[in-house]
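Enquirer: Sequence:
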Amino acid sequence: MRKLVLLLSVSLGIFSPFFAYAGFLSIFSDLFGPKVEAVGETTPSTNSQNMVLLQAALNPNPNPSKGGGEIMVVGGTALLPESGPTGTLADVEASQNNGQISIYVVHKGDTLTDIAKMFGVSVNTVIWGNDLRSSIIREGQTLIILPVSGVRHIVKTSDTLPSIAKLYKGDLREIMQFNDLPADAKLAVGDVVIVPDGEIISSPGISGVRQGGGPLYEGYYGRPLLGGKKTQGIHGYNGVDLGAPYGTPVYAAAAGDAIISRNFGWNGGYGIYIVISHSNGTQTLYSHLSDAIVFQGARVYKGQLIGYVGSSGKSTGPHLHFEVRGAVNPF
Numbered sequence: 004m005r006k007l008v009l010l011l012s013v014s015l016g017i018f019s020p021f022f023a024y025a026g027f028l029s030i031f032s033d034l035f036g037p038k039v040e041a042v043g044e045t046t047p048s049t050n051s052q053n054m055v056l057l058q059a060a061l062n063p064n065p066n067p068s069k070g071g072g073e074i075m076v077v078g079g080t081a082l083l084p085e086s087g088p089t090g091t092l093a094d095v096e097a098s099q100n101n102g103q104i105s106i107y108v109v110h111k112g113d114t115l116t117d118i119a120k121m122f123g124v125s126v127n128t129v130i131w132g133n134d135l136r137s138s139i140i141r142e143g144q145t146l147i148i149l150p151v152s153g154v155r156h157i158v159k160t161s162d163t164l165p166s167i168a169k170l171y172k173g174d175l176r177e178i179m180q181f182n183d184l185p186a187d188a189k190l191a192v193g194d195v196v197i198v199p200d201g202e203i204i205s206s207p208g209i210s211g212v213r214q215g216g217g218p219l220y221e222g223y224y225g226r227p228l229l230g231g232k233k234t235q236g237i238h239g240y241n242g243v244d245l246g247a248p249y250g251t252p253v254y255a256a257a258a259g260d261a262i263i264s265r266n267f268g269w270n271g272g273y274g275i276y277i278v279i280s281h282s283n284g285t286q287t288l289y290s291h292l293s294d295a296i297v298f299q300g301a302r303v304y305k306g307q308l309i310g311y312v313g314s315s316g317k318s319t320g321p322h323l324h325f326e327v328r329g330a331v332n333p334f
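Each residue of the sequence shown is one higher than the one before, starting from 4 at the first, in this note's numbering.
Incorrect hints may have been included.
With a Cα cut of at most 30 Å, we get these calculated DSBU-like pairs of lysine-lysine [as the list claims (entries may be wrong)]:
no., residue 1, residue 2
1, K159, K169
2, K172, K189
3, K159, K172
4, K120, K172
Bear in mind the hints are in silico, worked out from the structure with no lab data behind them.
Turn these sequences into a full structure, and let the hints steer you where they fit.
Expert: The structure is reproduced here in structure tokens:
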């Protein structure tokens, strides 16, 4: 009897209720489904219900091998790389299609066709807007780019919108709409009117490089500085160099609007410079200044102080580089 009890005890010790229960479930688990695991003893599996969605990427730059400058985005439209070809800010002012006139400084390898495509205008628009007489453009040359294909007209005495439309074969309603003007608008001499899709009918076209050509406006231009000595004759874009001490006052050669006033930067070699647009359709440029004291867009009168002689940009000493675009340079 004692042997029977001992045998039963050993048997019960081996087949305790726990082990019997676990073994019983194990048999059914193996047969009918996955094994049951104790909750909290293992790491939960990852699925779409419990995965971490806001975990930071291990590599903050998913495309580390891709280079290129930052892209300026205006109004949701990617425009131009913020970095120019030499790592400086791109020489473009104002964005395309915003109704504003842009200023572009020519880079190496640029062509008129390339620039026209860049701004979405016709090649003739670039030619007419800058009084070009040759298809050759130079690195560092400054170009005025209209916001649409057409012509930029500077108002003269007795001009009206209908007469301007007739002159360039433009559509009066388009001119009114683009410039936000009524048909009977009172135009002031020197105002700028853009003629969408206008054409300069009498333009002689591109026929070769002009050095100091154009009409002669006797008495129209005053001397841009008092004293000074011409250190280099006509060169570049109808320009002359007038040597003068650093800080010598520079004056507007004629009345007009300051369409460019840059008080810092290389600017294609011009350094600190000013461009004034005049009512006779010409422009004067004053560069290598030490300081420009008129703001872009300001109306200036003939003889007004606009800056001071310096040696900024591509210069070997203090002097004024003075250009007349669209007429004979009187100096």
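Enquirer: Could you work out which of the previously given hints the structure breaks and list their numbers from low to high?
Expert: none
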